[in-house]
Each structure stands twice: as C-alpha cells, then as structure tokens.
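What follows is the residue order along each chain.
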Amino acid sequence: NAGVMQNPRHLVRRRGQEARLRCSPMKGHSHVYWYRQLPEEGLKFMVYLQKENIIDESGMPKERFSAEFPKEGPSILRIQQVVRGDSAAYFCASSANRGETQYFGPGTRLLVL
Amino acid sequence: ILNVEQSPQSLHVQEGDSTNFTCSFPSSNFYALHWYRWETAKSPEALFVMTLNGDEKKKGRISATLNTKEGYSYLYIKGSQPEDSATYLCASRLGDYKLSFGAGTTVTVRA
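If you read the protein sequences in the order shown, they are chains A and B.
Quick note: the first sequence uses our numbering, first residue 1, plus one each step.
Quick note: the second sequence uses our numbering, first residue 1, plus one each step.
I should point out that these hints are in silico values taken from the structure, not numbers from a laboratory.
Predicted model only: the values in this text are computed from it and were never measured.
Check each hint, because a few of them may be wrong.
[Unchecked claim] No farther apart than 16 Å at their CA atoms in a straight line, the calculated lysine to aspartate or glutamate pairs in the EDC-like style are these:
(1) Lys44(A) - Glu83(B)
(2) Lys98(B) - Glu40(A)
(3) Lys69(B) - Asp55(B)
(4) Lys42(B) - Glu83(B)
(5) Lys98(B) - Glu18(A)
[Said to hold, decoys possible] Chain A side only, calculated, beta carbon under 8 Å to chain B, not exhaustive:
(6) Pro8
(7) Gly16
(8) Leu38
(9) Glu41
(10) Phe45
(11) Tyr48
(12) Lys62
(13) Phe65
(14) Gln80
(15) Tyr103
(16) Phe104
(17) Gly105
Glycine is no exception: its CB is placed at the ideal position from the N, C-alpha and C atoms.
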C-alpha cells in the first residue's frame, strides 16, 4: 500500500510565476491536510479538505493561495504570483477519517528565486 | 505554554546509551498528543498518538509518556542505535484534526 505521494519533490519558480503542488493521499483516505514549514520553524497547518470540500482553510494566506481536492485525482495546492517568502517545504497528510492519525508525504520543497 | 515547544533542539548520544527529550504543550483544550519520527528526505512517520493522562506507549526501544495536567510528554530511546538518528516531532492536536507542531528534537547517534 503506497504511502502519501507528493510531487514534485523540488520546485523552483521565479517571482510572479505560479506553483502547483500535488498530493495523492493513501489509498482509502478521503481527508487531506496541507502544512507548511518555513525555514527554522515547525510545521504549520494550512488547510483541511475532504473530497471536493474545503473544511478549514484558516491557516492559509488569504491571497494567492488556494487548494482543491477534486472527486478524481490528487489534491492540489496552488500558489499564484509567488514571492520569495513562499519558499518553504509544503507537506501533505491524509487520514481515513477525521480525527484519526495523519500520514505524511515527503514534502515539496519550493524555492522562489 | 502557548505553543508546542520541544527541548533540546538537538542532542548527540553514544550508540548503546539511552536518552530522552521533552515536548511541552498547552494543557487547556487538550485533545491528543502525536509523536512523529522524521528522517531527512523522507516522510514523517507516525510513532504514537496519546490521549489520556498517564498514557504510556511503546514501540520497540522507543517509548513515550504523557502528562496532560501539566502539559508535557517525554520520549525515551533505550539503547540508541545509529538508525535512531532522526528528528522527532511532537504535535498537539487542537480539536478533531488540526496539529500544532513543535520545531523538533534532532537526535544524532554516534557509533
């Protein structure tokens, strides 16, 4: 049973470009969570999605960031018009049900030049 | 305690020695305490989920205790081995799903 998959593992973007980060949850998991780790900081909650629905996006910046988890396909975290401050590691986790153990992917490391 | 704090930030231990480190978290509105083991370039691996005061969990040579009244958890590694080298993350669960992480304790086991 494959774990949580994230791609790409590394992403380089220039200021003003768009970044798309993908997350495929573990098989049978319909709950997805995105976390961000800024340099020298711990993982910070961004958004919680359950198939086709955003449940809680309280940790996501109000502008330029969006997330989706369509009926078919991976969850996508989209950052428009990236700035240097968006450089971070973005982690996705999934769980079978709300409140259960979250299993993490290996992360996508975004570097904005 | 307003945030989840872990100490020390890093530690070095000789192979065969035992070690432990701390996670402090807000004791009010406590739901659960999670421990993860994170090796560089890999996914954080779930170790334990603890909910009850006095809980004690064990997985091989690694064990953890929980004190919800005073807001701390200890993680112990007995007879450290080089493969135990990793960053150990703790996270307090705020409600049903939101995890609030500490910055981690990086353990380096010297052969």
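Here is what the structure says about each hint:
As the CA atoms of lysine 44(A) and glutamate 83(B) are separated by approximately 27 Å, the hinted pair breaks the 16 Å bound. The straight-line distance between the Cα atoms of lysine 98(B) and glutamate 40(A) is roughly 21 Å, outside the 16 Å bound, and the hint therefore fails. Between lysine 69(B) and aspartate 55(B) the CA atoms are separated by roughly 12 Å; this keeps the pair inside 16 Å, and the hint holds. Distance hint between lysine 42(B) and glutamate 83(B) is fulfilled; the C-alpha atoms sit about 14 Å from each other, no more than 16 Å.
Between lysine 98(B) and glutamate 18(A), the direct Cα distance comes to roughly 27 Å. Violation of the 16 Å bound is thereby established for this hinted pair. This hint is violated: proline 8(A) has a C-beta 14 Å from the nearest C-beta of chain B, more than the 8 Å allowed. Interface restraint check for glycine 16(A): the shortest CB-CB distance to chain B comes to about 29 Å, outside 8 Å, so the restraint is violated. Hint status for leucine 38(A) relative to chain B: violated, with the closest Cβ pair at about 11 Å, above 8 Å.
Hint status for glutamate 41(A) relative to chain B: holds, with the closest Cβ pair at about 7 Å, below 8 Å. With a cut of 8 Å, the hint placing phenylalanine 45(A) at the interface with chain B holds, because the nearest CB-to-CB distance is about 5 Å. Checking tyrosine 48(A) against chain B: minimum C-beta separation of about 6 Å stays under 8 Å; hint holds. This hint is violated: lysine 62(A) has a C-beta 18 Å from the nearest C-beta of chain B, more than the 8 Å allowed.
Restraint check, phenylalanine 65(A) versus chain B: the minimum CB separation of about 17 Å is more than 8 Å; hint violated. Proximity of glutamine 80(A) to chain B is violated relative to the hint, the smallest CB-CB distance being about 25 Å (cut-off 8 Å). About 6 Å separates the beta-carbon of tyrosine 103(A) from the nearest beta-carbon of chain B, less than 8 Å, and the hint is met. Given the 8 Å rule on beta carbons, the hint for phenylalanine 104(A) holds: about 4 Å separates it from the nearest Cβ of chain B.
Given hint, glycine 105(A) at the interface with chain B, holds; its Cβ is 6 Å from that chain's nearest Cβ, closer than 8 Å.
When each numbered hint is compared with the structure, violations occur for hints 1, 2, 5, 6, 7, 8, 12, 13, 14.
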